[in-house]
Each structure stands twice: as C-alpha cells, then as structure tokens.
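*Asks:* Residue strings, one per chain:
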Amino acid sequence: MAQTTHGVGGLSYDAKRRTWPAEFNVFLALIILVGAFELIGRVFLGDSFLFNTRANVDTIFNEARLQIIILQVSIVGIIAIGVTQVIISGGIDLSSGSIVGATAMIAMSFAQVATVNGNPNPKAIFIEQGWTDLPVIVPVLVAIGCGLLAGLINGTLVAYTRIPPFIATLGMMVTARGVAKWWSKGQPISFPTESFAAIGKGLMPVIIFISLAILFQLILSYTRYGKHCYAIGSNEDAARMSGINVKNHKILVFVIAGILASLAAVVLSSKNLTAQAGMGVMYELDAIAMAVIGGVSLSGGRGSIIGTVIGALIFGVIISGFTFLRLDAYYQEMVKGVIIIGAVVLDQWRQRLRAMRA
Amino acid sequence: MSDIVLKTENLTKYYGGVHALEGANFELRKGEHVAIMGDNGAGKSTFVRQITAVEQRTSGKIWFDGKEVNFAGPIAAREAGIETVFQNLALADDLDVPSNLFLGREKVLFNLGPFSILDRKFMRKATEAALIRTAVKIPNLSNTIRHMSGGQRQCVAIARTATFASKLIIMDEPTAALGVQETMQVENIIRTLKANGEPLILISHNMRQVFDLVDRIVVFRRGRIVANLRKQDTDGNDIVSYITGAKTGEAELAA
Numbered sequence: 001m002a003q004t005t006h007g008v009g010g011l012s013y014d015a016k017r018r019t020w021p022a023e024f025n026v027f028l029a030l031i032i033l034v035g036a037f038e039l040i041g042r043v044f045l046g047d048s049f050l051f052n053t054r055a056n057v058d059t060i061f062n063e064a065r066l067q068i069i070i071l072q073v074s075i076v077g078i079i080a081i082g083v084t085q086v087i088i089s090g091g092i093d094l095s096s097g098s099i100v101g102a103t104a105m106i107a108m109s110f111a112q113v114a115t116v117n118g119n120p121n122p123k124a125i126f127i128e129q130g131w132t133d134l135p136v137i138v139p140v141l142v143a144i145g146c147g148l149l150a151g152l153i154n155g156t157l158v159a160y161t162r163i164p165p166f167i168a169t170l171g172m173m174v175t176a177r178g179v180a181k182w183w184s185k186g187q188p189i190s191f192p193t194e195s196f197a198a199i200g201k202g203l204m205p206v207i208i209f210i211s212l213a214i215l216f217q218l219i220l221s222y223t224r225y226g227k228h229c230y231a232i233g234s235n236e237d238a239a240r241m242s243g244i245n246v247k248n249h250k251i252l253v254f255v256i257a258g259i260l261a262s263l264a265a266v267v268l269s270s271k272n273l274t275a276q277a278g279m280g281v282m283y284e285l286d287a288i289a290m291a292v293i294g295g296v297s298l299s300g301g302r303g304s305i306i307g308t309v310i311g312a313l314i315f316g317v318i319i320s321g322f323t324f325l326r327l328d329a330y331y332q333e334m335v336k337g338v339i340i341i342g343a344v345v346l347d348q349w350r351q352r353l354r355a356m357r358a
Numbered sequence: 001m002s003d004i005v006l007k008t009e010n011l012t013k014y015y016g017g018v019h020a021l022e023g024a025n026f027e028l029r030k031g032e033h034v035a036i037m038g039d040n041g042a043g044k045s046t047f048v049r050q051i052t053a054v055e056q057r058t059s060g061k062i063w064f065d066g067k068e069v070n071f072a073g074p075i076a077a078r079e080a081g082i083e084t085v086f087q088n089l090a091l092a093d094d095l096d097v098p099s100n101l102f103l104g105r106e107k108v109l110f111n112l113g114p115f116s117i118l119d120r121k122f123m124r125k126a127t128e129a130a131l132i133r134t135a136v137k138i139p140n141l142s143n144t145i146r147h148m149s150g151g152q153r154q155c156v157a158i159a160r161t162a163t164f165a166s167k168l169i170i171m172d173e174p175t176a177a178l179g180v181q182e183t184m185q186v187e188n189i190i191r192t193l194k195a196n197g198e199p200l201i202l203i204s205h206n207m208r209q210v211f212d213l214v215d216r217i218v219v220f221r222r223g224r225i226v227a228n229l230r231k232q233d234t235d236g237n238d239i240v241s242y243i244t245g246a247k248t249g250e251a252e253l254a255a
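Those protein sequence lines, which keep their order, are chains A and B.
No gaps in the numbering here: position 301 of the first sequence is 301 in full-length UniProt numbering, and each next residue is one more.
No gaps in the numbering here: position 94 of the second sequence is 94 in full-length UniProt numbering, and each next residue is one more.
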C-alpha cells in the first residue's frame, strides 16, 4: 500500500515519496569516502584503512585510526557546534578561532603551577599575585567568562547596530587575536596544573565534543530556543511579526557560540599543555566548513548538529586517509577546498530537485 | 453597543502631507463578515495598518471588544485578539506546519526560559484540529512550508489566524496570488469561519468573491469611506461606481 490517506483533510500522502533527511546524504558521503580509502588502500598498499590487520591486536577495526579520526576534529568540532547555531539563525561567526586564541592565553595564565622542578615557574603570569596552583574550576570559569563576553559583544553588535554579522565578527576576529598577542606580549604560557592538564588528556576531547553535540542537538530539536533559531534563519521578518524577540535571540546565539569557542580553547590548551597567541588560527573557517559539509545552509534555516558532527568526521577521514595513503599534507588542503565546494553544489542540486518534485 | 466588535471614529493617518486616511468611521458586529474595497492607494491597507497598530494613527479613536484601545504595536493587537493574514504571509519557510502555526507562542512542557521544552505532541494535535476546523487540506504536516504550493501556504497562514483569533480576523487580499482551485480552498475556509461566527474583515479586489462571502461592503476612495452597503442593497455596478468615483457621497446603511 503505497498510497495512504495519511494527510489532514483526506489528501493522499505517499510515504514512499518522502524525502530523506539531509543528514542521511551527508552520512552516505562519509561512508563512500571511507569506502574509497579502504579500496585504494587494499589495491595500492595492500593495507586496510578501517580494519585491523595486525595479528598481535585482537580487534575488528583499526581502533587507533578511528580514535585519531575523531580526536583530530574534536576541538574544531566543539567550535562548529556553536557556529552551526549561528548559521542556522541566519548569521555567520568569523571570530571563533581568535576567541580560542585569546581565551587559551587568559585561561592558561590562571591554570599555572608555582614551581617547575623545584624552581619558580619561569612562565607564570600571576606569580607575584600568588595566583598559582588554583583549583581547575578557576581557569574554566575564566574561560567561560571570556567566551561569554566576546559572544555578548558579537551579539549586541549584530542585534542592535545593523552591522552585518560578517563584519561584526570580522572585527572581533582581529580584536581578539590582538588580545591574545597583547596578553603575554607574545610569549607562550605553559606549565598548567595537573587537574587542568587532565581536561584534554587522551580521549577527553572526544568525550567533551560528543557530549556537547548531543546536548545541543537536543536543545535545537526540543526547545523554544531551537525552534526560534530555525524560524529567524528562514524568515526574520516573519519571526519578528510572530512576536519572537529576535534581538535577544541573536545575542543568546552568539553568547552560546562564544562559550563553546572558549571551551574549545580550554580543551586545546590543556591538550597541548601550553597556550600560544597563534592558537586557533583558521579554526573559524574549518568550523564553518564542517557545518556546510554537514548540510547547514549558509542562508539560514536549515541544518543540524548531527549533520555538523558528520561533516567533522568527513574532515577527520580526509586527514587520516591522506596520511594513510602517505600523501603530502599539501594535498589535504586542496581536497578539503574541493569538498567544501562540492558539498554546497550537491546541496543546491538536492534543493532544486525537491522543489521540482513538490 | 455590546455586539460591536470593532469601531473606529474619525480614524485619520497622514504620511507627511499625504492624507492617506481621513475620518474613517467604521463598525463591525459580532459574527459579521465585511469586505473593504477600493482602488490602489484608496486607503484600505492604511486603514488595516492603523487597526493592527503596524503604524500609529495620526488621530481618531478605536474601540475593540467594548473598550477603547491604543495598541503599542502589532504584537499587542494580536494579544488582544486581532489576527491578521498579511500579504507577505509571515511564514518561516524551513519549519513544518505545527511550528508555523505556533510560531512565537509555542506550547511548552517545562518553562526554562529560552530553553523551555516544547510540547510537540500537543502542538501537532492542535494543528490537526485547527486544519480540520478550517477544512484546510495539507497532505503532510511534517513537510516544510518551502515545499508547499502557494495555496497551501496561504491556507496555513489562514489556519494560524483562525486558530488563535477568537475575536477578529483581518485578511489582506488572501487570494491575490492564487489559482482557481486554491482560491476556492481559501474561500471555503472563510465560509467555515462565517459558520463558526467569527468576525472578519476581508480586503479584496475580486467582486465575485466579495459578493459570495461577505455581509457588508465598505468602499474606500482617496482615503475616505465613500460607501457602506449591505450586500443585498447593492450590486457590482453600483460598487464599481463608488470605487471609480462615478457615484460620490457617503452612502450609509439605512439602519
């Protein structure tokens, strides 16, 4: 029974002609990509990309590779969760990479130990004030505060001054990078406490990334905030006429994106055991690319966190795959660019196809 | 007075030196459907924009639901019970039907500020009920508005209006961009509203439609109300004469 009278008012509705969710296509692309690397590996290298081929390890999959695929995109992935929400609401955020840099510097200076190998920590910023060996909650809260402030400035600029988000966050991008360099006059900040270093240890970045992704996917799907993100992104005037407080919503979206960027900064500086002013350069563009590959429409209103996570995994697979094939890192960048363009073109084809069938 | 839903007295709007609306006296009774007709620029939409507080009037008084009102804006007017179907529909293209029906007034399970959990089941049920009540036909409620025809979009917009307006519905040329069948569907919704006793102001250029649907016709010309006629007391030629100015003077109801 293909035709069922499922619809309200007795109109027939063919469940078979229902369109797939956009995430399904992205997931398919991920599988095809993994399959391609697997095939090339088997044919040209005689090695498997995905499966375990070592006799001394008793697993089906090559777990080390799987971990690396996710681990290397987790930190940018955390940023991409926030960027996804900004883009769905019809905005764009270019400042997240610089917020990572500035936040990493400021937070790390509150996470330092007093003594290294019995000598006073040479890099300690606040050693004269005695702000060393602080509990881990202090640098984390400082980081969240930095992200909140940056997001608040972004959001207020976008909501109240009618500056396009592209320009407002471009300004923040430059300014926050300046803050990152000014904070320690360009010096790296190192030697964090053990509890701070634990945040980014091992697979912790993956756990944090996936937990945040699940949390925000639920928020987008089931809360008023999520509904308003999509509403404002697809028709801002309609949202305003319907009584949604568009200004407050925009500020909230940018605050959330800022906080997520600052959490990424905590994980990154903890993982690297140091903070440098150049941290997070280009992360904003990688995060936007992950979202776009994952089916988030740059014109707003469409996309999901699940899509962005799959987009991030595609990124991870490409990087791991090129390493696996022992190709130069230079090719990765080139292919990444091609994939971003390809994802957008495919999405537009798909939209046109749907419009024709409707 | 008690059965009067909406009343305006000397409602006037100037845009700089342009007298877009002058001294409009208008009444709408319970359950009544009134059409507003007139040439482009005659003041029809201006009149509606003053009532719904999309713009603030230059002078004049408005009574709604027995009280004199001064709405601060369209949201205040809507909260008081005036629902408007705008020409540009005000729908979010990427959301499905229930989300659009409840846009800006979502029903929630737990109130947690912006992160309140939506009561999706309730909204879906209420949407189905609303669509059945207004006899709107939508094949699949989960489809986004983007993938619907112009008629279906218009029906969703009208169903939204009809769901929440207990007191007054205003439609600004609801069938202007629609095909024959879609127009019929929208007209059927308006008939359903009439049967339910919900008062309505219909702005339309379509003479057949107006004579089919409403009880009373008000004609605007050059910012003034020039005719206010019961349907049975007039005909198409008569109305056209008022619209074009061949007949002048204020024709009042003999009541």
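None of these hints come from the bench; they were simulated from the model.
Predicted, not measured: the structure shown is a model, and the values here were computed from it.
Hints may be right or wrong, so weigh each one.
Which residues of chain A face chain B? A few of them, derived with a C-beta cut under 10 Å, are [claimed, not checked]:
1. F51
2. R54
3. G145
4. A197
5. T223
6. G226
Cβ coordinates follow ideal geometry from the N, Cα and C atoms, glycine included.
*Asks:* Does each hint hold? Answer for all of them.
*Replies:* For each hint, the structure was consulted:
1. The closest approach between the C-beta of A:F51 and any C-beta of chain B is roughly 39 Å, which is over the 10 Å cut-off, so the hint fails.
2. At a threshold of 10 Å, the smallest CB-CB gap from A:R54 to chain B is about 47 Å, leaving the interface hint violated.
3. Below 10 Å, beta-carbon pairs count as interface contacts, and A:G145 has none with chain B, the closest being about 20 Å; its hint is therefore violated.
4. With 10 Å as the threshold, the beta carbon of A:A197 stays out of range of chain B, its nearest partner Cβ sitting at about 32 Å, so the hint is violated.
5. The beta carbon of A:T223 is positioned within 10 Å of a beta carbon in chain B (closest approach about 5 Å), and the interface hint is therefore held.
6. The beta carbon of A:G226 is positioned within 10 Å of a beta carbon in chain B (closest approach about 8 Å), and the interface hint is therefore held.
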